[in-house]
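Letter by letter, the chains look like this.
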Amino acid sequence: MRCLLSTFLLFVLFVSACTNQATPTPPTGGLPSDAAAVAAERNLKPDDIYAALKTYMPSGQLDPYIMFASGGQSGQVLVIGVPSMRILKLIGVFTPEPWQGYGFGGSSDATLDGGNMPDGSELNWGDTHHPNLSETNGEYDGQFLFINDKANARLAVIDLRDFETKQLVKNPNAINDHGGAFVTPNTDYVIEGPQYAAPLGWEYAPLDEYNDQYRGLITFWKFDRLKGRVDEAQSFQIELPPYWQDLCDAGKAVSDGWFFCNSFNTELATGGVELGNPPFEAGTTKNDVDYLHILNWKKAADVFNAGKVETINGIAVIRMQTAIDEGLLFFTPEPKSPHGADVTPDGQFIVVGGKLDPHVTIYSFQKIQDAINAGGLETDQYGIPVIPLDKTKEAQVELGLGPLHTVYDDKGYAYTSLFLDSAVARWTLGGAFADKHPEPAWTLVQKLPVQYNIGHIAAAEGDTASPDGQFVVALNKWSIDRFANVGPLLPQNFQLVDISQTGDQMKVLYDMPIGMAEPHYVQIIKADKLKPFEVYPEIGWNPETMSVDPNAITDAQDARVVRNGSTVEIWSAVIRSHYTPERVEINQGDHVIWHFTSLERQRDATHGFALSGYNINLSLEPGETQTIEFDADKSGTFTFYCTEFCSALHLEMVGYFLVKP
Amino acid sequence: MKLSLDPDVKVVLPDGSTRSLTTYLLPSALLMLAALMLMISMFLPYWSMTMTAPQYPKGLRVEVYVSHLEGDMREIDELNHYLGMKRLDEGGQLERSISVYAIVVLGLLLMGGVVIHNQWAGVLALPALGFPFIFVADLWWILYQFGHSIDPTSALGGAIKPFTPPVLGVGKVGQFGTIASFEIGFYLAVAALGVVLMGLWFHRAAYKPIVDARKRAQTLTAQTVQA
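As given, the protein sequences belong to chains Y and R, one line each in that order. Letter by letter, the first sequence follows residues -18 to 642 in the numbering used here. Letter by letter, the second sequence follows residues 13 to 239 in the numbering used here.
Mixed in with the good hints, there may be bad ones.
Claimed, not checked - Here are the simulated DSS-like pairs of lysine-lysine, each with C-alpha atoms no more than 27 Å apart in a straight line:
{"id": "1", "chain 1": "Y", "residue 1": "279", "chain 2": "Y", "residue 2": "203"}
{"id": "2", "chain 1": "Y", "residue 1": "70", "chain 2": "R", "residue 2": "173"}
{"id": "3", "chain 1": "Y", "residue 1": "510", "chain 2": "R", "residue 2": "70"}
{"id": "4", "chain 1": "Y", "residue 1": "267", "chain 2": "Y", "residue 2": "458"}
{"id": "5", "chain 1": "Y", "residue 1": "507", "chain 2": "R", "residue 2": "70"}
{"id": "6", "chain 1": "Y", "residue 1": "70", "chain 2": "Y", "residue 2": "512"}
{"id": "7", "chain 1": "Y", "residue 1": "280", "chain 2": "Y", "residue 2": "208"}
{"id": "8", "chain 1": "Y", "residue 1": "70", "chain 2": "Y", "residue 2": "507"}
{"id": "9", "chain 1": "R", "residue 1": "184", "chain 2": "R", "residue 2": "173"}
{"id": "10", "chain 1": "Y", "residue 1": "35", "chain 2": "Y", "residue 2": "417"}
{"id": "11", "chain 1": "Y", "residue 1": "203", "chain 2": "Y", "residue 2": "507"}
{"id": "12", "chain 1": "Y", "residue 1": "512", "chain 2": "R", "residue 2": "70"}
Since the hints were derived computationally from the structure, they do not count as laboratory data.
Build the full structure now, drawing on both the sequences and the hints.
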């Protein structure tokens, strides 16, 4: 016990030495006696107390980092504070979300409809995978967030002024995707990489025509920052071999203008285990190498602008032969069913995890360029030039089993998730990073066990031009015994890892259960880069147009009901604790257009509007205007009420919607 | 006060005695200064009410200028409507609409003392001297009206006894603590009052001898005529 306490003293000293604050110095003489009693009673070890001190956020203090997490099969995005790991918000993206009134009558219905299938049929969920923050000069700028839906090949745009989804785009030629969303360093394009090959536009084609009819496809969605929307007319796609491209990353600095994607089915496996063929899991892993795709996106944009494209299902496609002829696309081998393609902060290197190979392979952008310029490259069966591995490889580092994704810190370390080893590997970068860390370059430094089966990994601003260090989050697929058993479907485990110290001093700080889906990837941004509205800037703000709505009213006296034939148009004012009007009486069969304006200016004074029996629910945030439109096809006595507890007289915030038969 | 005026420039009184020019410039300067201070005070808050409550960590505050209100009136009105109180903007509408003209008139009257060199200068200064007292009395009246015109049909109006929010000091309304205090504009008006008094003092000191001297001269002339 004495030993334990004195070790703890050391930790307290260390923590107090590290916290560079002018505010009252923490006690250095040991724990207060009541806290020591708690530590003893709970059998907390010094590392536990260190972890508690690193993560505990006293009431009212704000997290220095904000993490945007994919919501997996929920189709949503989670907003989480780091290091406290408190969930701050759920953002409705591909799935209707009642709290925000997302998809229950307001303007967000049109946003969701933007993600409909080409035939107009609705998709009511998504499998969100990779959130990507908008960047300026390779740094997060805190303006927008993009995320893809793997299940249906869609892209979403979230505006970080109000943390609301503004646009869904259905890829007209791909039926699923994976390697998205990834932005170029100035967010000129948002890249949506493909995954399981299919004919363009997912037309029917038998699998024995796989090699000729099935294709990979990478989409460059042009982002219009002023409008805050993807401009589909200025977007284009590049046709690729059906190699199951996987994850991508944009080059930056020296490699700006290039894009890198790994792939894992150069075997061209088509499955059919029921026919005696090798199942996909075996068929796609037969070869010793797959191909890292190296794309020149700036040149591709020139080719698109020069019109050397075919329009297929309404979007410009650079055909594979054009890509070859114009020198847009190159391959280089990567070991066995690789995963990830992560560009280092200086843009010099691309790191690819081996997945079924214990190494990460580090490619040099300079070597790739030299080999391309030297020419004389052999091609694969589709005619795409392949640069031999020994001409592109800078180094290989053996990390352990199942290396997947790599992120970076400010000390020249890289962090790779090891799925099979259930560990985070810290290893040293070479090149310009070699003198930032005490260890030799390209060397494994520490393997930290995590619980369990880590997939993605993220570091604070860890994929930008200037990572912050401090924290890594391990996105563990399995939690097994880490939380109370809640039945056979278990939560995921986000583990916060302290990387603030050099060498082998990484520590797990916190386990955060995610009990709603399987999130794939997260990005962590400095909280002070985000500048969201406290309330909407003006009364009558339409969050879809980000301007004052023509149907806004600024005074409850302007509230009114106007009948025009069988159309009834209503302008309602909403303010604590009543709607104006509170009685709306119409006839069955009337077409109702109903505008609501929140007259509130007080932060957090949000109201709801739920109309019983009509599947309508709005969130009316301070200053917001929303419009619903529906046919009053059901007669009867209906109530509407405020669904967001707004005041002491919240329960009295109600009205009657009377529909005469 | 030693102004660097040419000591040879003198004012000759009717009885032939002389005084320094400063004696006559000083009261004019002070009265003009007081007028200027009143003008400046129009652009500064006179009075404020700060309200604190658990759910308002930054508090709510309204600042009263002679011509308008600034601050969180919208939210305070929003809360007051539960009590059936009038909107803040409805209080003192007449006063606010005429205040700018009134203060300009006060200043012009003060400056009348520059050209009027008898006891009427003091009479003209009376409105400026009374102004801070009028402001406080009017504020009290407005607050009294707020607390005594509760709409009984409002959510909580039936449960509230008529009251007068304090003009100065701390109070409590529901979960709100209130702090009422005078602000810089009011203090400037009070300071102007002091400057006016000083100005009148020097005004009297400067011009009374002239008036007296003129009286003596008239008496002398009368005596001479009689003689």
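Okay, the hints, checked on the actual structure:
no.	hint	in the structure
1	Y/279 / Y/203	12 Å, holds
2	Y/70 / R/173	44 Å, violated
3	Y/510 / R/70	23 Å, holds
4	Y/267 / Y/458	25 Å, holds
5	Y/507 / R/70	25 Å, holds
6	Y/70 / Y/512	16 Å, holds
7	Y/280 / Y/208	25 Å, holds
8	Y/70 / Y/507	17 Å, holds
9	R/184 / R/173	14 Å, holds
10	Y/35 / Y/417	25 Å, holds
11	Y/203 / Y/507	26 Å, holds
12	Y/512 / R/70	19 Å, holds
Comparing the model with each earlier hint shows a violation of hint 2 alone; every other hint is respected.
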